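Visitor: Take a look at the letters that make up each chain.
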Amino acid sequence: MNVQLNGKQVEIPEEVNSVEKLLAHYHLQSRIAVVEINKEIVMKEDYVHQKLSHGDAVEIIHFVGGG
Amino acid sequence: MKNRYARQELFLGEKSQSKIQNSSVIMIGAGALGSSSAEMLTRAGVGELTIVDRDYVEWSNLQRQQLYSEEDARNKLPKAVAAKNRLQQINSEITIHSLVSDVHGLNIQEMIKGHDVIVDATDNFETRLIANDAAVKHGIPFIMGSCVASYGTTFAVIPEKTPCLHCLLNHLPVDNMTCETVGVISPIVQIVAATQVTQVLKILSGEPVKPLLKSTDVWKDEKAEIDVTRLKNEHCPTCGNEQTFPYLQYKNQTKSEVLCGRDAVQIRPATTQTFVLNVFMERLKGMVTKPILNPFLLSCGFEDYRVVFFKDGRAIIHGTNDKMVARSIYNRFLQYYSE
Ligand SMILES: [Zn+2]
Numbered sequence: 018m019n020v021q022l023n024g025k026q027v028e029i030p031e032e033v034n035s036v037e038k039l040l041a042h043y044h045l046q047s048r049i050a051v052v053e054i055n056k057e058i059v060m061k062e063d064y065v066h067q068k069l070s071h072g073d074a075v076e077i078i079h080f081v082g083g084g
Numbered sequence: 026m027k028n029r030y031a032r033q034e035l036f037l038g039e040k041s042q043s044k045i046q047n048s049s050v051i052m053i054g055a056g057a058l059g060s061s062s063a064e065m066l067t068r069a070g071v072g073e074l075t076i077v078d079r080d081y082v083e084w085s086n087l088q089r090q091q092l093y094s095e096e097d098a099r100n101k102l103p104k105a106v107a108a109k110n111r112l113q114q115i116n117s118e119i120t121i122h123s124l125v126s127d128v129h130g131l132n133i134q135e136m137i138k139g140h141d142v143i144v145d146a147t148d149n150f151e152t153r154l155i156a157n158d159a160a161v162k163h164g165i166p167f168i169m170g171s172c173v174a175s176y177g178t179t180f181a182v183i184p185e186k187t188p189c190l191h192c193l194l195n196h197l198p199v200d201n202m203t204c205e206t207v208g209v210i211s212p213i214v215q216i217v218a219a220t221q222v223t224q225v226l227k228i229l230s231g232e233p234v235k236p237l238l239k240s241t242d243v244w245k246d247e248k249a250e251i252d253v254t255r256l257k258n259e260h261c262p263t264c265g266n267e268q269t270f271p272y273l274q275y276k277n278q279t280k281s282e283v284l285c286g287r288d289a290v291q292i293r294p295a296t297t298q299t300f301v302l303n304v305f306m307e308r309l310k311g312m313v314t315k316p317i318l319n320p321f322l323l324s325c326g327f328e329d330y331r332v333v334f335f336k337d338g339r340a341i342i343h344g345t346n347d348k349m350v351a352r353s354i355y356n357r358f359l360q361y362y363s364e
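Chain order of the listed sequences is A and B. Counting from 18, one number per residue, gives the positions in the first sequence under our numbering. Counting from 26, one number per residue, gives the positions in the second sequence under our numbering.
Think of the hints as simulated: they come from the structure by calculation, not from any bench. Please note that the accuracy of each hint is not assured.
Said to hold, decoys possible - Restraint-style ranges between C-beta atoms, simulated for each label pair:
| id | chain 1 | residue 1 | chain 2 | residue 2 | range |
| --- | --- | --- | --- | --- | --- |
| 1 | B | G265 | A | S47 | 33 to 39 angstroms |
| 2 | A | K68 | B | A31 | 53 to 59 angstroms |
| 3 | B | P233 | A | E57 | 53 to 59 angstroms |
| 4 | B | S94 | A | V27 | 40 to 46 angstroms |
| 5 | B | E39 | A | K68 | 41 to 47 angstroms |
| 6 | A | A41 | B | K235 | 45 to 51 angstroms |
| 7 | B | Q360 | A | H42 | 51 to 57 angstroms |
| 8 | B | E39 | A | N34 | 54 to 60 angstroms |
| 9 | B | Q360 | A | H44 | 44 to 50 angstroms |
| 10 | A | H44 | B | K40 | 47 to 53 angstroms |
Predicted model, so just to flag it, every value in this text is computed and none were measured. Built from N, CA and C at the ideal position, the CB exists for glycine as well.
Turn these sequences into a full structure, and let the hints steer you where they fit.
Guide: Structure follows, in structure tokens:
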């Protein structure tokens, strides 16, 4: 399906249909991240249940240590 | 025109310019982000700038840490000192304080007192969370910034208004936050620092700052921002209903720590003592190789390692990522001081 990720149209496999799977797809599962779908923040405990749909606008910001 | 701030004043207005010149800002860290932010703030005419850093200048810093020169690296000058030297050349009208010190939960409150804004220029989450605790406790805005590779994030913690960094990271153990060893390019440093400094100028001018967590990847040409108001957590131990400021408590202080990507460990003694470095150097004679001594530190080869020893008793042991090894090297090294 197609979603808008951080402002860009991307194609992701159909089986990547939850926030948890999306983070794993981008190798961010072990990172501390804030995820927003259609302008609503998804809380960490909802990552497994929160479904992704075609056309969703997703923002993912992960934290890094350096400086 | 004689007024060095004329162009900035045209944009911000006379009132804001005068507020900036009467303000004081503290930078926690003087690495890549700190160099860049400190130079902008110095040129902008911030009245008082405090720079705290525990490290000294190395060759690998010169690619992006814009305040430092080859001479600083050759002399192993502490960054806080080298930064002040350079900044005072740029603007002699402002007051700059430099502190060669490791920031930890027991000394940070003393450092930040009296400052209007705290700029995050650290390279690790632990120090960020310590600064976040102190900022919230003292009601001082804290401008978080971090970067690695071509990617960086920023967020302005405004006590009592926005969520704090602890809310955003949400009870994840600090130990799980991995070392970054993938390098960094200087454009992302500049972008993150520029975003941070913009927020500092807004806050000092009395402008509102939005609760936006922002990220940029300058190489992939990607940007994101999220309004994180919803993440303000009433159970947050830093900014919630029952504040305990966990990172300011004694039991949570790290005494030794692996320095990311450096093959080095920092050891910080529990006691505070000032060491007389030239006496120490004298006693180490014959035991060490390639010694370098400056008023702030001594550096030398010791056994198979390189030890950089600061006069407050702190040391960076190069050549190992093993805390146990580093501690035993430190203890053997220190024996020569008391002999
Ligand atoms: Zn909080």
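Visitor: If you test the structure against every hint from before, which numbers come out violated?
Guide: 1, 3, 5 and 6
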